[in-house]
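Top to bottom, those sequences are chains R and S.
Sequential numbering of the first sequence, starting at 1, is according to the numbering used here.
Sequential numbering of the second sequence, starting at 1, is according to the numbering used here.
Careful: at least some of the hints might be erroneous.
If several chains are the same, the list does not tell them apart, and a pair holds so long as it fits within one copy or across any two.
Unchecked claim - Calculated lysine-lysine pairs in the DSSO-like style (CA-CA distance at most 27 Å, straight line):
# : residue 1 : residue 2
1 : Lys60     : Lys181
2 : Lys137    : Lys35
3 : Lys233    : Lys37
4 : Lys60     : Lys137
5 : Lys62     : Lys32
6 : Lys137    : Lys62
7 : Lys32     : Lys7
8 : Lys12     : Lys240
Hints listed in this document are in silico derivations from the structure and should not be mistaken for laboratory results.
Fair warning: this is a prediction, and the values are worked out from it, not measured in the lab.
Number of protein chains: 2
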Amino acid sequence: MDSINIKQLAEKLNLSTSTVSRAFRGHSDINKATKEKILAMASELNYQPNHMASNLRDKKSKTIAVIVPEIANNFFSRAINGIERIARDNGYHVLIYLTNDEFEKEVAFISELHNGRVDGIIMSVTGEANDHSHMHKFRKKSIPLVFFDRMYDDVITSRVATNDYDSSFSATRHLIDRGCKRVAYLVVNKNLSIGKMRMQGYLDALSSAKIDFNPGLVIECTNELNRNIAILKNAFNSIKPDGVFASVERLAIASYYVCHNMNLTIGNDVKIICFSSLEIASLLNPALSTITQPAYDMGVEAARILFRRLEGGEEKENDYESVVLESELIVRQSTLGI
Amino acid sequence: MDSINIKQLAEKLNLSTSTVSRAFRGHSDINKATKEKILAMASELNYQPNHMASNLRDKKSKTIAVIVPEIANNFFSRAINGIERIARDNGYHVLIYLTNDEFEKEVAFISELHNGRVDGIIMSVTGEANDHSHMHKFRKKSIPLVFFDRMYDDVITSRVATNDYDSSFSATRHLIDRGCKRVAYLVVNKNLSIGKMRMQGYLDALSSAKIDFNPGLVIECTNELNRNIAILKNAFNSIKPDGVFASVERLAIASYYVCHNMNLTIGNDVKIICFSSLEIASLLNPALSTITQPAYDMGVEAARILFRRLEGGEEKENDYESVVLESELIVRQSTLGI
């Protein structure tokens, strides 16, 4: 159920908004019975006073929040630049919240943002969460929310994604076409919806080439470089992949270190491709083949949707927009060999 | 002059803090003469009510702001990770504000942060500002502020820097020792205090090797890759440097593109070194020699100082701390040649 604003609540009660407001501010000059009537109706209609907003005399904060897992990743920093550009065009500031992929932080930020500190939220979710009740609670407040890239399937709101399934299929197919028989899939979090899509693209590409799926070639990694290097060294020694499809950039980087260390020639002994927005992919040794998401454009698109919501007044379910942008497969030396 | 808090103001007036608070909230049940007395004294003592803080019933926001020019730069994203760690240990959230090196944004953020949205600020300043009055105004409010890396010399507060002069001297000297006769210095903003220090290290290293300074070898660049590539192509064609000392990472990256494009062998034809916190410097083609600032540790140190201020109550001038951490010169193929 959508929440209602103070004006609507006052109308229902046939009272002035000022009286209703004073009841919530705990003023003693309001008749006790009136106050109880107000609170009962507010509870029934799911009204919650927005203290900070009313303190700012109903001015908008002219600020939007961007919640992302990390910034030490070119995808997110580019997307934020796209969001910034649109925000600036609209005279808004952007506040960045980093979850570091921690569910507790996400819950804390979302609760905090209930208070009217910002007018809208653009968000890429953490990987850990199974319980999304913090998001559902939030959706009742009708602060516009737009997901980009990483999202919860069960939270209904506007979203900007890329064609992850198709890209993963193409990337895996590209490795197979270049002669790889043992393509490893490197992933950090299999539970993210985006992780599942990418995994499915990988599986279907194997199947399309009549290659049996070997679960041992799906390698679960972490967010820490040294830990990943250890995991991959072990995997490279045991299951000896001849192709690596990394679902995130940092896993390709870790693979580079491992190949350099084990004297495996990238492009010949092991072919590597990954999802990456790394500006200097072509300067690596060897140049890295990538599936490049239009990160900046995703930020722009997410922000445009958000500002359409902000202009359009109260958000309704059928206003939600869903945009899918196309990633680009860029073939370089790491999958071509020398 | 330091500002005073409501308790001190109430004591001066021999009134309760509640009465003083009500005067500022515009309550009508306060005697007009009393109200005028309060406002006059407040004005005299530089007291300004902190609405948002009082709305939160004098609870701390448990949030600190980090103001940085950009995040698409490994130095800042690593420093932020260091700040995050200490903030988390202290039970605080971090809000990130990006200035994109725009002075107007810096001024807007600083004004906004006056309102008690955060308890303290860690900041790396924009390059453009000549007028620092927004900062001086802010300093009167005694919200703790810590500068890191990029700072205004005339704003007196705690600061965390690296030994930029020494590092620049060593980097330039390293190029000269490797046989370079025409060392270019690449810079974005010569007016930043950090830019001046780096430039001076470059100049003194030339002088120590009895090499005459050639102003044509100081190349002013921008924040845009394509623009920088054009500037550098032009410079490489005309003044033909055999060594490049880049004061920021993105200028070394642009130099790599230009060398690859002009078929100049990095390490042999042109030796390149730069300030950089790039995690994958060793994976570049060729591996990039760097002066690596301890970005993460700088963030940690800045945050530690800030939390000492937050615990210590009102900030006094002689409490200011100034910390200088050492950068590391890491020699790789880009200055060694093949």
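To see whether the hints hold, each was checked on the structure:
no., hint, in the structure
1, Lys60 x Lys181, "neither (57 Å within a copy, 59 Å between copies)"
2, Lys137 x Lys35, "within (26 Å within a copy, 43 Å between copies)"
3, Lys233 x Lys37, "neither (68 Å within a copy, 75 Å between copies)"
4, Lys60 x Lys137, "both (22 Å within a copy, 25 Å between copies)"
5, Lys62 x Lys32, "neither (36 Å within a copy, 35 Å between copies)"
6, Lys137 x Lys62, "both (23 Å within a copy, 23 Å between copies)"
7, Lys32 x Lys7, "within (21 Å within a copy, 32 Å between copies)"
8, Lys12 x Lys240, "neither (70 Å within a copy, 78 Å between copies)"
The structure is inconsistent with the numbered hints 1, 3, 5, 8, although it conforms to all the rest.
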